[in-house]
Amino acid sequence: MTRIYLDHNATTPTHPEVVKAMLPYYEKIYGNASSIHQFGQEARKAVDEAREKVASFIGAKPEEIVFTSGGTEADNFAIKGVAYKNEKKGRDPLNRACSGSGHIITSSIEHHAVLNPCKYLEEKGFKVTYLPVNEYGVVNLADINKAIISETILITIMHANNEVGTIEPIEEIGKMAKEKGIIFHTDAVQSVGKLKVNAGELNVDLLSLSGHKIYGPKGIGALYIRKGTKIEPLILGGHHERNKRAGTENVPGIVGFGRAIEIASQDMQKENKKIVNLRDKLWNGLRQKIDSIQLNGHPEKRTPNTLNVSFKFIEGESIILNLDLQGVAVSSGSACTSGLLESSHVLKAMGVDPATAQGSVRFSLGRDNTEEDIDYVLQVLPDIVSRLREMSPLYRKN
Amino acid sequence: MRYSEKVMEHFKNPRNVGEIKDADGIGHVGNPVCGDIMELYIKVKDNVIVDAKFKTFGCGAAVATSSMVTELVKGKTVDEALTLSNKAVAEALGGLPQIKMHCSMLAEEALKSAIDDYLKKKPAKIGEARRKK
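These protein sequence lines map, in sequence, to chains A and B.
Going by our numbering, the first sequence opens with residue 1, and the numbers climb by one from there.
Going by our numbering, the second sequence opens with residue 1001, and the numbers climb by one from there.
Check the hints yourself; a few may be wrong.
Said to hold, decoys possible - Below, a list of computed lysine to any residue pairs in the SDA-like style, where the Cα atoms sit at most 20 Å apart:
#1 K1012(B) / Q38(A)
#2 K1053(B) / G181(A)
#3 K1012(B) / R389(A)
#4 K348(A) / K1012(B)
#5 K289(A) / T356(A)
#6 K1012(B) / D324(A)
#7 K1043(B) / E1091(B)
#8 K1021(B) / K281(A)
#9 K281(A) / P393(A)
#10 K1012(B) / L131(A)
#11 K1012(B) / M1(A)
#12 K1021(B) / Y395(A)
#13 K1043(B) / P393(A)
#14 K1053(B) / P62(A)
#15 K196(A) / D267(A)
#16 K61(A) / E49(A)
#17 K348(A) / N1031(B)
#18 K80(A) / K196(A)
#19 K1012(B) / P382(A)
#20 K1012(B) / G181(A)
#21 K175(A) / L141(A)
#22 K281(A) / I293(A)
#23 K1021(B) / M1001(B)
#24 K1006(B) / L325(A)
#25 K1053(B) / R389(A)
#26 K348(A) / L131(A)
#27 K1012(B) / L141(A)
#28 K1012(B) / R3(A)
#29 K1012(B) / A329(A)
#30 K1112(B) / P393(A)
#31 K1021(B) / E390(A)
#32 K1021(B) / P393(A)
#33 K20(A) / G219(A)
#34 K1012(B) / G366(A)
#35 K1012(B) / K85(A)
#36 K1045(B) / P1097(B)
#37 K1012(B) / D383(A)
Said to hold, decoys possible - Pulled a few chain A residues facing chain B out of the computed Cβ check, cut under 8 Å:
#38 M1
#39 L325
#40 S334
These aren't lab readings, by the way, just hints derived from the structure by calculation.
No residue lacks a Cβ here, since even glycine has one placed at the ideal position from N, Cα and C.
Model the full structure from these sequences, guided by the hints.
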């Protein structure tokens, strides 16, 4: 049976080279990287090398990289860590009871790994501003400027959106944050490996990365912490990761992450060129074959592999189930697939009407996809859409 | 979350899709914000539902429950149909994932709404049906 994977923003297959690099660290070099004996020192060496690879990829120093269990932990670490460390900023020292505990600015289209820590901190007394976005999902610099108050301790805006791929003006936001002396974090989980990500050029203090989105293993990620950034550790224990993240290092994961990022740095440009062509072929084909569809996200400023399309009058889960029956894996922003019974918060923030948001499908391509894959999707999808529309009470009325 | 084989079977081959032009009752429930919209058409003869068809905008569970409810009510009297619960529809489908149980509620509501519409259109039948309920 045909099996076509177009859900790379959810996760990617682990690159064979990555698996190969990891295996010795399960079988032979299993030492604890904190141990002084040879077993430990061999593991330590591998961790240090991987750290250098990750650091050099984003133009950072190795000591500015802290390995975490993934992107979600990196986001939690950045947000809670900065909040707890800086909560007294702007607080009147003589009137502790009445003053706020610090203010955070984020956007309404962040991943839940950012939104939920922000909501959690709100419950703990922090103030949070959730910025709106325009129809393409882009935040407005003027809105950020307006939102900044003397208590603002953190701005956290994602580099690229996971659902629609839209790229945010991180460099400019970073400049603004720097001028005002506010710590700036970006969740770069969706941009690393797809766009150029340089911590210095982006003017960020904190940047989250994930392994499994770039053909690396699951369960590993990192937080870049610019030297001098005031942040508290989340996980306490031993003196690992320069006292910033306790717990025995996930050596095979770290090695795999390092190898994955090395492969990304070598292949990214070439792969992107191929992927963007396939993506545009898919969009052009869909537009030719199916009426009443709409592209969600920025037409140009978005990650090269992401195509989010709303098929009007029908519902997303029905589309993805039908595609799955034909061997094609995609995802949807429909309420029914979220587990929350709420359609995509991203599309909602972009002003997409609820019925159209329900009919959204995200195609996210990867390095192994081929022309044939796209031809196949273009062959099976029009029939699925017309069959579902035949069944839809919304279609007849239009 | 996983659908039962029966749900997938009804999703793949939904029964009774469409409209009934001269329907005796039409039920219209749901909204796009919650995710599902169902339209249910019934044809009634001598107080027996002789035909039922549906149109649904919704997920796999919504399509499958629509299909199943139309199957289950055919041949039933109006009064029998009124006692059909969402649980019975879900059970007939081999169960639904917990978070999808609300879809079966919608199917039950669509059926009740279609019967209500039928009863409204046939004032003479109201007393009869109510008495039996």
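Okay, the hints, checked on the actual structure:
1. For the hint linking K1012(B) to Q38(A), the alpha-carbon distance of about 59 Å lies beyond 20 Å, and the restraint is violated.
2. For the hint pairing K1053(B) with G181(A), the CA-to-CA distance comes to about 64 Å; that exceeds 20 Å, so the pair is violated.
3. Proposed proximity of K1012(B) and R389(A) is supported: the alpha carbons are some 14 Å apart, at most 20 Å.
4. Simply put, K348(A) and K1012(B) have alpha-carbon atoms about 30 Å apart, too far for the 20 Å limit, and the pair is violated.
5. Under the criterion of a C-alpha separation no larger than 20 Å, the hint pairing K289(A) with T356(A) is consistent with the structure, at around 19 Å.
6. Our distance criterion of 20 Å between C-alpha atoms is met by K1012(B) and D324(A), whose separation comes to about 11 Å.
7. For a cut-off of 20 Å, the pair hint linking K1043(B) to E1091(B) is broken: about 25 Å separates their Cα positions.
8. Between the alpha carbons of K1021(B) and K281(A) the distance comes to roughly 42 Å, so the proposed pair goes past 20 Å and is violated.
9. The hinted pair formed by K281(A) and P393(A) fails the criterion: a straight-line CA distance of about 31 Å is larger than 20 Å.
10. Taking the CA atoms of K1012(B) and L131(A), the gap is about 42 Å. The hint is violated against a cut of 20 Å.
11. Between K1012(B) and M1(A) the CA atoms are separated by roughly 17 Å; this keeps the pair inside 20 Å, and the hint holds.
12. Restraint check: the Cα-Cα separation between K1021(B) and Y395(A) comes to about 17 Å, which is no more than 20 Å; the hinted pair holds.
13. The straight-line distance between the Cα atoms of K1043(B) and P393(A) is roughly 18 Å, inside the 20 Å bound, and the hint therefore holds.
14. At most 20 Å may separate the alpha-carbon atoms for a hinted pair to count; K1053(B) and P62(A) exceed this at roughly 65 Å.
15. Among the hinted pairs, K196(A) with D267(A) is consistent with the structure: their alpha-carbon atoms are about 12 Å apart, no more than 20 Å.
16. As the CA atoms of K61(A) and E49(A) are separated by approximately 12 Å, the hinted pair is consistent with the 20 Å bound.
17. Using a Cα cut-off of 20 Å, the hinted pair K348(A) and N1031(B) holds, with the two alpha carbons roughly 16 Å apart.
18. Under the criterion of a C-alpha separation no larger than 20 Å, the hint pairing K80(A) with K196(A) is inconsistent with the structure, at around 27 Å.
19. For the suggested pair K1012(B) and P382(A), the alpha carbons sit about 16 Å apart, so the restraint of at most 20 Å is met.
20. Note on K1012(B) and G181(A): the hinted pairing is violated, with a Cα-Cα distance of about 58 Å set against a maximum of 20 Å.
21. Distance check on the hinted pair: K175(A) and L141(A) sit about 11 Å apart at the alpha-carbon level, within 20 Å; holds.
22. Simply put, K281(A) and I293(A) have alpha-carbon atoms about 15 Å apart, close enough for the 20 Å limit, and the pair holds.
23. Distance check on the hinted pair: K1021(B) and M1001(B) sit about 37 Å apart at the alpha-carbon level, beyond 20 Å; violated.
24. Restraint check: the Cα-Cα separation between K1006(B) and L325(A) comes to about 15 Å, which is no more than 20 Å; the hinted pair holds.
25. The hinted pair formed by K1053(B) and R389(A) meets the criterion: a straight-line CA distance of about 15 Å does not exceed 20 Å.
26. Distance hint between K348(A) and L131(A) is fulfilled; the C-alpha atoms sit about 13 Å from each other, no more than 20 Å.
27. Between K1012(B) and L141(A), the direct Cα distance comes to roughly 48 Å. Violation of the 20 Å bound is thereby established for this hinted pair.
28. Restraint check: the Cα-Cα separation between K1012(B) and R3(A) comes to about 19 Å, which is no more than 20 Å; the hinted pair holds.
29. In summary, the hint linking K1012(B) to A329(A) is supported, as the alpha carbons are separated by about 17 Å, within the 20 Å threshold.
30. Of the pairs offered as hints, the one joining K1112(B) and P393(A) holds, with about 18 Å between alpha carbons and a cut-off of 20 Å not exceeded.
31. Proposed proximity of K1021(B) and E390(A) is supported: the alpha carbons are some 15 Å apart, at most 20 Å.
32. Distance hint between K1021(B) and P393(A) is fulfilled; the C-alpha atoms sit about 14 Å from each other, no more than 20 Å.
33. About 17 Å separates the Cα atoms of K20(A) and G219(A), which keeps this hinted pair within 20 Å; it holds.
34. For the hint pairing K1012(B) with G366(A), the CA-to-CA distance comes to about 29 Å; that exceeds 20 Å, so the pair is violated.
35. In summary, the hint linking K1012(B) to K85(A) is not supported, as the alpha carbons are separated by about 55 Å, beyond the 20 Å threshold.
36. Distance check on the hinted pair: K1045(B) and P1097(B) sit about 36 Å apart at the alpha-carbon level, beyond 20 Å; violated.
37. Distance restraint check for K1012(B) and D383(A): the Cα-Cα separation of roughly 13 Å lies within the 20 Å cut-off, and the hinted pair is therefore satisfied.
38. The beta carbon of M1(A) comes no nearer than 15 Å to any beta carbon in chain B, farther than 8 Å, and the hint placing it at the interface is violated.
39. Satisfaction of the interface hint for L325(A) is found here, the shortest Cβ-Cβ separation to chain B being roughly 7 Å, below the 8 Å cut-off.
40. Hint status for S334(A): holds, given a least beta-carbon distance of 7 Å to chain B, under 8 Å.
In summary, the numbered hints that this structure violates are 1, 2, 4, 7, 8, 9, 10, 14, 18, 20, 23, 27, 34, 35, 36 and 38.
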